[in-house]
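Please assemble the complex out of the two chains, which come individually in their own frames, going by the hints.
Going line by line, the protein sequences match chains S and R.
With our numbering as the guide, the letters of the first sequence map in order to residues 57 to 485.
With our numbering as the guide, the letters of the second sequence map in order to residues 23 to 582.
If you're looking for bench data, these hints aren't it; they were derived computationally from the structure.
Cβ atoms here follow ideal geometry from the backbone N, Cα and C, with glycine treated the same way.
It cannot be assumed that every hint is accurate.
Partial chain R-side listing against chain S, Cβ under 8 Å, derived [what the hints assert, rightly or not]: (1) GLN518; (2) GLN532; (3) ASN545.
Ranges between beta-carbon positions, derived for each pair [claimed, not checked]: (4) PHE65/S to LEU80/R: 31 to 39 Å; (5) PHE91/R to GLY73/S: 41 to 49 Å; (6) PHE65/S to PHE91/R: 19 to 27 Å; (7) LEU100/S to GLY156/R: 29 to 37 Å; (8) VAL289/R to TYR83/S: 50 to 58 Å; (9) ALA355/R to ASP78/S: 44 to 52 Å; (10) LYS440/S to GLY498/R: 28 to 36 Å; (11) ASP242/R to TYR83/S: 54 to 62 Å.
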Amino acid sequence: MRISTNLLFNTGLKTIGTQQADLMHLYQQIGSGQRMVTPADDPLAASQSINIAQSQSLNQRFAENRAVAQRSLATEEDALGSLTLLLQDVRTRVVEAGGGALSDADRGTLATALEGARAAMLAIANTTDGNGQYVFSGSKGQTPAYTDAGVYVGDGLQRDIQADQTRRIAGSDVGSDVFQRAQPGALGYSSRQVVQGSGSTAVLSAPMVADSTQGNADSRLGFKITFTSPTTYDIEITDYVPPPPATAPTVDTLTDQVFTPGSTVLSLTRSDGGTPPSPVDTGTQVQISGDPAAGDEFTVTPLQHDQGFNLFATLDNLIAALKAPASTDASAQAGLRNTLNTAMQQLASGYDNVLTVRASIGARMNELSAMDDVGTQRKLGYAKDLQRLEDLDYYEATMKLNLRKMALEGASLAFQTIQSLSLFNMGGK
Amino acid sequence: MNLANLGKAGLLVAQNRLQTAGHNINNSDTEGYNRQSVLSQTAGATATAGGWIGRGVLAVGVQRAYDNFLYTQLTQSQTKGAALATYGDQIGQINNLLADRTVGITPAIQAFFDGLQAVATAPADSAARQELLGRANSLASQVRSANAFLDEQRSNVNTQIRTTVTQVNSYLDRIQDLNRQISTAKAVSPGQPPNDLFDQRDQLVAELGQLVDVNVFEQDDRVNITVGNGQVVLGGDSVFHLDVRPSAADPSRLAVSYAIPDGAGGVTSVELKDSLITGGKLGGLLTFRREALDTVQNDLGRLATGLAMAINQVHRQGYDLTGVQGGDFFSLAGPKVIRGEGNVAGADPAVTITDANQLGTQDYQVSYDGASYTVTRVPAGTVAAAGNGTLSFDGIQVDFSGVTAPASGDGWLIQPTRDAAASLGVAISDPGRIAAAGGVDHDGDPATPEVGAGPANGDIALKLAALQTTKVLGNGAMSLNEAYAQIVNKVGVLTQQNTTAQKAQETLIQQNYSAQQAVSGVNLNEEYMNLNQYQEQFRAASRLIDVSSTLFDTLLSLRS
Numbered sequence: 057m058r059i060s061t062n063l064l065f066n067t068g069l070k071t072i073g074t075q076q077a078d079l080m081h082l083y084q085q086i087g088s089g090q091r092m093v094t095p096a097d098d099p100l101a102a103s104q105s106i107n108i109a110q111s112q113s114l115n116q117r118f119a120e121n122r123a124v125a126q127r128s129l130a131t132e133e134d135a136l137g138s139l140t141l142l143l144q145d146v147r148t149r150v151v152e153a154g155g156g157a158l159s160d161a162d163r164g165t166l167a168t169a170l171e172g173a174r175a176a177m178l179a180i181a182n183t184t185d186g187n188g189q190y191v192f193s194g195s196k197g198q199t200p201a202y203t204d205a206g207v208y209v210g211d212g213l214q215r216d217i218q219a220d221q222t223r224r225i226a227g228s229d230v231g232s233d234v235f236q237r238a239q240p241g242a243l244g245y246s247s248r249q250v251v252q253g254s255g256s257t258a259v260l261s262a263p264m265v266a267d268s269t270q271g272n273a274d275s276r277l278g279f280k281i282t283f284t285s286p287t288t289y290d291i292e293i294t295d296y297v298p299p300p301p302a303t304a305p306t307v308d309t310l311t312d313q314v315f316t317p318g319s320t321v322l323s324l325t326r327s328d329g330g331t332p333p334s335p336v337d338t339g340t341q342v343q344i345s346g347d348p349a350a351g352d353e354f355t356v357t358p359l360q361h362d363q364g365f366n367l368f369a370t371l372d373n374l375i376a377a378l379k380a381p382a383s384t385d386a387s388a389q390a391g392l393r394n395t396l397n398t399a400m401q402q403l404a405s406g407y408d409n410v411l412t413v414r415a416s417i418g419a420r421m422n423e424l425s426a427m428d429d430v431g432t433q434r435k436l437g438y439a440k441d442l443q444r445l446e447d448l449d450y451y452e453a454t455m456k457l458n459l460r461k462m463a464l465e466g467a468s469l470a471f472q473t474i475q476s477l478s479l480f481n482m483g484g485k
Numbered sequence: 023m024n025l026a027n028l029g030k031a032g033l034l035v036a037q038n039r040l041q042t043a044g045h046n047i048n049n050s051d052t053e054g055y056n057r058q059s060v061l062s063q064t065a066g067a068t069a070t071a072g073g074w075i076g077r078g079v080l081a082v083g084v085q086r087a088y089d090n091f092l093y094t095q096l097t098q099s100q101t102k103g104a105a106l107a108t109y110g111d112q113i114g115q116i117n118n119l120l121a122d123r124t125v126g127i128t129p130a131i132q133a134f135f136d137g138l139q140a141v142a143t144a145p146a147d148s149a150a151r152q153e154l155l156g157r158a159n160s161l162a163s164q165v166r167s168a169n170a171f172l173d174e175q176r177s178n179v180n181t182q183i184r185t186t187v188t189q190v191n192s193y194l195d196r197i198q199d200l201n202r203q204i205s206t207a208k209a210v211s212p213g214q215p216p217n218d219l220f221d222q223r224d225q226l227v228a229e230l231g232q233l234v235d236v237n238v239f240e241q242d243d244r245v246n247i248t249v250g251n252g253q254v255v256l257g258g259d260s261v262f263h264l265d266v267r268p269s270a271a272d273p274s275r276l277a278v279s280y281a282i283p284d285g286a287g288g289v290t291s292v293e294l295k296d297s298l299i300t301g302g303k304l305g306g307l308l309t310f311r312r313e314a315l316d317t318v319q320n321d322l323g324r325l326a327t328g329l330a331m332a333i334n335q336v337h338r339q340g341y342d343l344t345g346v347q348g349g350d351f352f353s354l355a356g357p358k359v360i361r362g363e364g365n366v367a368g369a370d371p372a373v374t375i376t377d378a379n380q381l382g383t384q385d386y387q388v389s390y391d392g393a394s395y396t397v398t399r400v401p402a403g404t405v406a407a408a409g410n411g412t413l414s415f416d417g418i419q420v421d422f423s424g425v426t427a428p429a430s431g432d433g434w435l436i437q438p439t440r441d442a443a444a445s446l447g448v449a450i451s452d453p454g455r456i457a458a459a460g461g462v463d464h465d466g467d468p469a470t471p472e473v474g475a476g477p478a479n480g481d482i483a484l485k486l487a488a489l490q491t492t493k494v495l496g497n498g499a500m501s502l503n504e505a506y507a508q509i510v511n512k513v514g515v516l517t518q519q520n521t522t523a524q525k526a527q528e529t530l531i532q533q534n535y536s537a538q539q540a541v542s543g544v545n546l547n548e549e550y551m552n553l554n555q556y557q558e559q560f561r562a563a564s565r566l567i568d569v570s571s572t573l574f575d576t577l578l579s580l581r582s
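Chain R with its partners taken away, still in its complex shape (with noise of 0.2 Å):
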C-alpha cells in the first residue's frame, strides 16, 4: 500500500520545511543570515496500465535565497560608508576644535596685538609691554596646543591603524578557517550546499570590508582576497598577514606594509602606499591623515612662521628701553629634514626658510639620481626645483654643498612647517627688551649706524602692529588672522563635504540593503503564512496515513 508511503514522503518534506520556516524565523534578526528554503521535486510515478502513478514528493536540498551582485554592490557600498564614517569621526574634532571663534587662536590673534598697540601708544610704560608679553605667550601656547592637539590625533590614527590592521588580519584568519570548513563539509555532503558556512563568510567578507577595501575572487568554493592594487592577502590556503611599520620617508607616520615571498622561503615586507587604501576604516583614516591632518597642521606651522618671521623682522630693526637694538621677538624651530631609509651620503642639506610669505603647505620630496637633486612637492607631485648647490623654490632654500658622497636614489623628505607650530615660543622674558622704539640718525651720516631712539618712541611697536592686518602669508593673499580663517574654513568645508557625502553613502546604503534584503531577508509574516501552509501540508499528509489506515481496517474489517 503506497498511500501510507505518500503520506510519509508528504510528512517528511512538511517537516523539513516547518524545520527551515522555524531556522529563518529563528535567524530573522542574525546579521549576514539569507533566507532559506526546501527544494523539493516530485518522487516521480510508477507506471501502471492505468497511467503513470505518481509516488510523492521528495525533498532535494536545502538552498539560500542569495544574489552575489545584490552582495557585492551591499558591502562595497558599506566599504565606502565606513572610510566616509571614519574620516568624518576623526575630522569632527578638529571641527570641533575650532568651533568657537571667541576662544582659541583667534581672540590670541587679536589680544597679541592689542598689546602691541598699547605699546605703541605708550611705549615706556612698563605694565603695558608687561602686558604684551603675557599675550604674546598665551598666542604661542594656544598656537602649540591646537597643534599638540593635531599631534595627538596624529599618534591616535596611527593606534588606529595599528589596532584596524590587527583586526584584517584577525578576519583573514577566520575567512581562511572558514574556507576550509566550507572545503570539508562539501567532502562531507556533497552536492548539498552548505549555507550556514557560506552565510557566515559572507558575513565575515562584509565586516572586513569595513576595515579596508578588499577585492574577493571565488574559486572552488573558496574566497580568495586581494588589497590595494592587487596585493594578495588570502590566497589559495595561504593568508599573508599586513603588518604596521614607520613608513620610510617618514618615520613618524605609520604606513601598512604587506609581505611578499622572498623566493629564499621566507617574506618580505613592502610597504603598501596610503593612496592605494581608500575604502573602510583603515582607507578613511590614512585619507584623513593625508588629506586633512597633513595639511592642517602644515597651514598652522606655515601660520606660526609667519607670524614668528614678520614679527621678528621687524623687531630687530627696533631698540629696547636701553638703546640696544632688538632680537628675535618669537623663537621658532627650523624646516625639519627627514633623512631618507638606507641613504648613502655623508650629511643631510641645510634648509632655510627666507621668505615666510611665498611659502606653501606642501612638504617636498628631495631624490639624488646620481648626478642632480630634484625636489618634488609632495602631495601635489610636481617639480619644485632641480639641479645641484643651493636650489631656492617657494621662499625656502636648500643647500647641498654640506651632502658629501650622495649616491642614486638618495631621498629626503623636507616638512617645512610641520613642526613650526609646535616650537613657536616667546624668545624674550624681560618687558624692557621688547624694541618698541625705532632708530635715529643721531650724526647726520647716512653711512654711520643709527642709535635708538628714547624710550617714548614708539615706531617700531607702530610697524609690529600694522602686521595685524599686512598681507604677510600665500604669496601677499593672506593677513595673519585670515591664514587661520582659511584653516577654518578649510576644515569647515572638509567636514560639510565628508557629512554630505556620508549622508548620501548612507541613503545609497540603504537603498542596497534593502534590494539586498528583498531578496535575502526574512520576512517574518510571510514566515507565519509559510508555517501556517506547511502546517496544512503536515495535517493533510497525516490524515493520508490516517485514510490509508482506514483502508487497511476496512480491507480488514471484510474478513470478520
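Here chain S stands alone, though its shape is the one from the complex (with noise of 0.2 Å):
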C-alpha cells in the first residue's frame, strides 16, 4: 500500500492531537479534583449527584430547623421550670391559708402574695422568644397569650418545624394547654360552691369514684346539686360522653332528694330515665360537712371536662376570697373553706399538667437530639456518595497521567524518526 506523504503528516498531527486532547482532560481531571469535568463524562453519575447534593442540603436544612426548635423548646422549658416553682410556691400559700387560725389580716397578706404570683404567672403566660414572638400564643405570635384579665386570646394553632423529611415537631405549646388544662387523662374531679345560701355552713370537698363498677370509671359524669331546703335538694346530671347516638353531653335532672343532716357522704345519683325518674347510684361520693342551708349550690366537675378551668381564675377566685372578712362567721369560713379546697384541686390538677407539658418537652428534645444523630449519620452517607460519584481517584489518574504522557512521547518520537527517514532528507544527488 501507498503511503502518501500527506498521510503520514496528518497521521502523526491526528495522534498527537488525540493524546494531548487526552491529557488535557487529565489536566483538567487532576487540576479540579473532579472525576467529570463535565456531564457528559459520566451523565448518570452527574444526575444522580444533583440529586444527592439535594438530599445533603435538605440533610443540612433539618438540622438549622432542629436547631430552631431545640431553643424555642428550651425557652419554653425555661419559661414552664419558673412556672413549676411558682405553682408549689402557690400550692404552699393555699395550705397556709387553710390553717384556721389565721386572721382577716394575715389572709390579706397571702393574698398580697397570691397577687405577686399571678402577675409573675401572667408574665410567664406572656413570654417572648428571641423574635419578640410570644411563646404560648399558638399562631398569634405577635399578640400575648393572657389579657390582664387572664382571658387567653391566642390561639390553638401549634407552631410545627420540620424536623426531619417525615417528622414535624411542635416547637412550643398553646398557652390554652398549659394554664387552661387538667393534666391529660385525670380522672378527678373538682367540687365548687357556686352559690352559698344563707347561714350555709356546709363544706364540700374531695369528690371521688368510690365504686367504679357504676358506669362512672371514666368520670365522665358532672353534678350540680342545688339544696331547696336544708334537707332536699335537686341534682342535676350532665355525662359528657353519652352513649351513640347522642353526640352532646346530655343533661338529667332529679329533683327532692332527701338529706340527712348531719351525713358526711353524699352519693351522686344519676336518673334512670323513667317517669318520673328514679335516681341510679353512680358509685361516685363527696364529703360533705356542715349544713347546707336552701340556695346553696355547688358543682362536682370531673376535671377533664372543666371547660372553665383557667389556673388565672383559679388565682382570681383565691385572692377575692382570702380578701373576703371571714373570721367570725361560720358561714363565711365554710364559703372560704370551700373556695380553697376547689383552688387546691384545680392547681393540683394544673400542677401536674404543667409537668405533663415538660414532659412532653423533654420527650420532643430527647427526639430532635436522636434525629440530629441521625442526620450526621446521613450527612456522612451522602458525603461519602458524592466522593464515589464526583471525586477524582488521585492514583488512578497518576497512573493514567504517567501512560498518556509516554503514549504522547512515543507518538511524537514516531513520528520524527518516519518523517526523517525521507530519502530527500539522505544527502541524495
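What follows is the structure in C-alpha cells.
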C-alpha cells in the first residue's frame, strides 16, 4: 500500500492531537479534583450527584430546623420551669391559708403574696422568644397569650417545625394547653360552691369515684347539686360522654332528693331516665360537712370536662376569697373553706398538667437529639456517595497521566523518526 | 539516421515524466490533489527486411490516480463527520454550562427551598422572609439566564445557518464555474483530461459536502448536485441557490428553502424540511436545534412551569402576615401559540396549562381540516387529541370556541413551555406578602370561609417547603430537582453519544482517507525514486544522441 506523505503527516498530527486531548482531560480532572469535568463524562453520575446534593442540603436544612426547635423548646422549658416553682409556692400559700388560726389581716397578706404570684404567672404566660414572638399564643405570635384579666387570646394552632423529612415537631405549646387544662387523662373531680345559701356552713370536698362498677369509672358524669331546703336537694346530671347516637353532653335532673342532716358523705345519683325519674347510684361520692341551707349550689365537675378551668381564674377566686373577712362568721368560714378546696384541687391538677407539658417538651428535645444523630450519620453517607460519584481517584489519574505522557512522547518520537527517514533528507544527489 | 530521433523521443518523454514528478512533488501538500503520471507507449515500429525496428517511445497523456468509489466514500464520511463535529461544538456549550452542579440552577433550587424552610420554621421572622424573596429572585434569574443562554444559542444557530447557506451558494457558483472551465478545456484539447481542473472541482464538491449533504451525479463531464430528497441546486448550466427564511410554522427559527421554477419564468421558494438535511455543518446545526436545543429549552420551561404552578397553587391557599389570602408567588407567561402563515381563521385558540404534572416536553401542531381540529405532537408525530370545542391533552387545554371562521388548512403551533423559563419571575416584592400561614375555621362552621392563622403559623410554608421533594412533574415521576437532573443527564448523554459517534466517524474518515491516499496520494520517496529513474532515462536518451553523433562522426572521418 502506498503511504502518501500527506497521510503520514496527517496521521502524525491526529495521533499527537488525540494524545494531547486525553492529557488535557487528565489535567482538568487532576486540576479540579473532579472525576467528571462535564456531565458528558458520566451523565448518570452527574444527575445522581445533583439529587444527592439536594438530599445533602435538605439534611443540612433539617439540622438547622432542629436547632431552631431546640432553642424554642428550651425557651419554653425555661418558662415552664419557673411556672412549676411558682405553682409549688402558690400551693404552699393555699395550705397556709387553710390553717384555721389565721386572722383576716394574715389572709390579706397571703392575698397580696398571691397577687404577686399571679402577676408573675401572667409574665410567664406572655414570655417572648428571641424574635419578640409570644411563645404561648399559638399562631398569633404578635399578641400576648393572656390578657391582664387572664383570658386566652391566642389560638389553638401549634408551631410545627419540619425536623426531618417526615417528622414535624411542635416548637412550642399553646397557652390554653398549659394554663387551662387539667393534666391529660386526669380522672379527678373538682367541686365548687357556686352559690352559698344564707347561713350555710356546708363544706364540700374531695369528690371521688368510690365504686367504679356503677358506670362512672371514666369520670364522665358531672353534677350540680342545688339545696332547696336543708334536707332536700335537686341534682342535675351531665353526661359528658353520652352513648351514641347522642353527640353532645346530655343533661338529666332529679328533684327533691333527701339529705339527712349530719351525714358526711353525699352519694351522687343519676336518673334512670324513667317518668318520673328514679335515682340510680353512680358510685360517686362527695365529702360534705356542716349544714347546707336552702340556696346552696355546688358543682362537681370532672376535671377533663371542665371548660372553665383556668389557673388565672383559680388564683383570682382565691385572692378574692382571701380578701373577704371571714374570721367571725361560721358561714363565711365555710365559704372560704369551699373556695380553698376548689383551689387546691385545681392547682394540683394544673401543676400536674404543667409537669406533663414539660415531660412532652423533654421528649421532643430527646427526639430532636436522636434525629440529630441520624442526621449526622446521613450527612456522612451523602458525603461518601458524592465522593464516590464525583471525586477523582488521584492514584488512578496519576497512573493514567504517566501512561498518556509516555504515549504522547512515543507518538512524537515515532513521527520524528519516520519523518526523518525521507530519501530527500539522506543527502541524495 | 533514426538514432537521434529515438534519443529525442526518449528525452521528451523523460522530460514529461520529470515535469510530472516535479508537479507531484510541488503539490504533495495540495488539498484534493491526485497524483499524476505520464502515460507512454511505444511509437510503433518500421518494417524492414530485418524485421520490425522500434521507433521509440511516445507520451500519449497525463492521467491522475483517481478512484471514484474511494473518493465518494471519503467525502460521504467527511459529510457525516462535519455534521457530528458541528453538533458537538454546539452541545458542548450547553454541556459546559451545566458542568458544575455547585453553580447555577441546582444550588438556586436548594437555596430557595432552604429559604422556605427557614420561613416555615420562623414564619414571623421578617429577615427570613426577606431572604426567601432574595433566594426566589435568584432562582428565577438563574432559570432565566440558563434560558437566555439557550436563546442566544438559538440565534447563534440561526446566524450560522444563514452563513452556511451563503457559503453553500458560493460553492455552487464555483463548481458551476469549474464545470464550464472543464467543458472549455475539453474543447481545446479533446481526448486529454484536464486533471487539475477535475481535482479542483472534486475538492470543491468535497468541501461543499462538509457544509451540507449533497448527491452528485456526473453527466458529460459536468456534475449535477441535489440536496435533501432530490432538490436540484446545480443542474445543466443553472444554479438554484438555497435561501434562508423564517419557518412558516415558527417564525423564530430560520429554515432552509430552495427555489423551483414557477412556470412563469420566475422561481418560487419552498421551505425544505429540517429533517431532510442531516449531513454537513448545516445538518449538524439543524439536528442540534431539533434534537437538543428544542427539547432542552422545553425541559427547562417545563421545570419553570412546574415550579411556578406548584408553588402558586399552595401559596394561594395561605395567608400573609396581615391575614390576607396569598396570591401568586411566581409570575409566568402562558403557553405560546404561533399562528400559521396564511391562516384564514379570525382568532387564535386559547391555550392554558391545567396540570403541570402531566406536561410533556413536546410542542403541538394544530391543524383544521374543514370539520374538526387535530392536535399532533411535535416532533413525535402522534395525535394528541382531535375534535371541536375544548380539547384537553397532556395537561393542556385548548379552547377553540373563540376561533371564528376557520378554513381547511389553518394551523397553529403550540409551544406550551418553550418560553416559560424566560418569563419566570417573582410576583411579590413585599416580604410580608409571603403567605406562610394556614387558614383556620374561626366560627366552627365549615361553610363560611376560613380566615388566616396568626403570623407565627407556618403551615403553608411547611407545605411549600415539602414541594422540594414532591413529584410535581412528569406524571408524578420527578421532583423539580430531579427534573433539572434529568436535563443535565439528557445533555450529558447527547454529548457523550456525539463524542463517541464523532470518534468512530473520525476513525472511519481516517481509514477512508488512507485508502484514498493509497491510490491518489503523493509519496515523496516514490517521487524521489521516480526522479532518479527518469533522470537515468534522460541520461540514457541523451547518450543515444551522443552515440548517434559519434556514429555520424565516424562515418565522416572515413572520408578523410
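Against the structure, the hints:
Interface restraint check: GLN518/R against chain S, minimum CB-CB distance 5 Å, threshold 8 Å, status holds. The criterion of a C-beta within 8 Å of any C-beta in chain S is met by GLN532/R, whose closest approach is roughly 7 Å, and the hint holds. A distance limit of 8 Å between C-beta atoms decides the matter here; for ASN545/R the minimum to chain S is near 5 Å, and the interface restraint holds. For PHE65/S and LEU80/R, the Cβ-Cβ distance of about 37 Å falls inside the hinted range of 31 to 39 Å, so the restraint holds.
Checked against the given bound of 41 to 49 Å, the beta carbons of PHE91/R and GLY73/S, roughly 28 Å apart, lie outside it. Checked against the hint of 19 to 27 Å, the C-beta distance between PHE65/S and PHE91/R comes to roughly 25 Å, which is consistent with it. Between LEU100/S and GLY156/R the C-beta distance comes to about 34 Å, which sits within the given range of 29 to 37 Å. Separation of VAL289/R from TYR83/S is about 54 Å and conforms to the stated range, judged on CB atoms against 50 to 58 Å.
Separated by about 46 Å at the C-beta atoms, ALA355/R and ASP78/S satisfy the suggested range of 44 to 52 Å. The supplied range of 28 to 36 Å is met by LYS440/S and GLY498/R, whose beta-carbon atoms lie about 30 Å from each other. In this structure the supplied range 54 to 62 Å holds for ASP242/R paired with TYR83/S, their Cβ-Cβ distance being about 56 Å.
Violation of the numbered hints given earlier is confined to hint 5; every other hint is satisfied by the structure.
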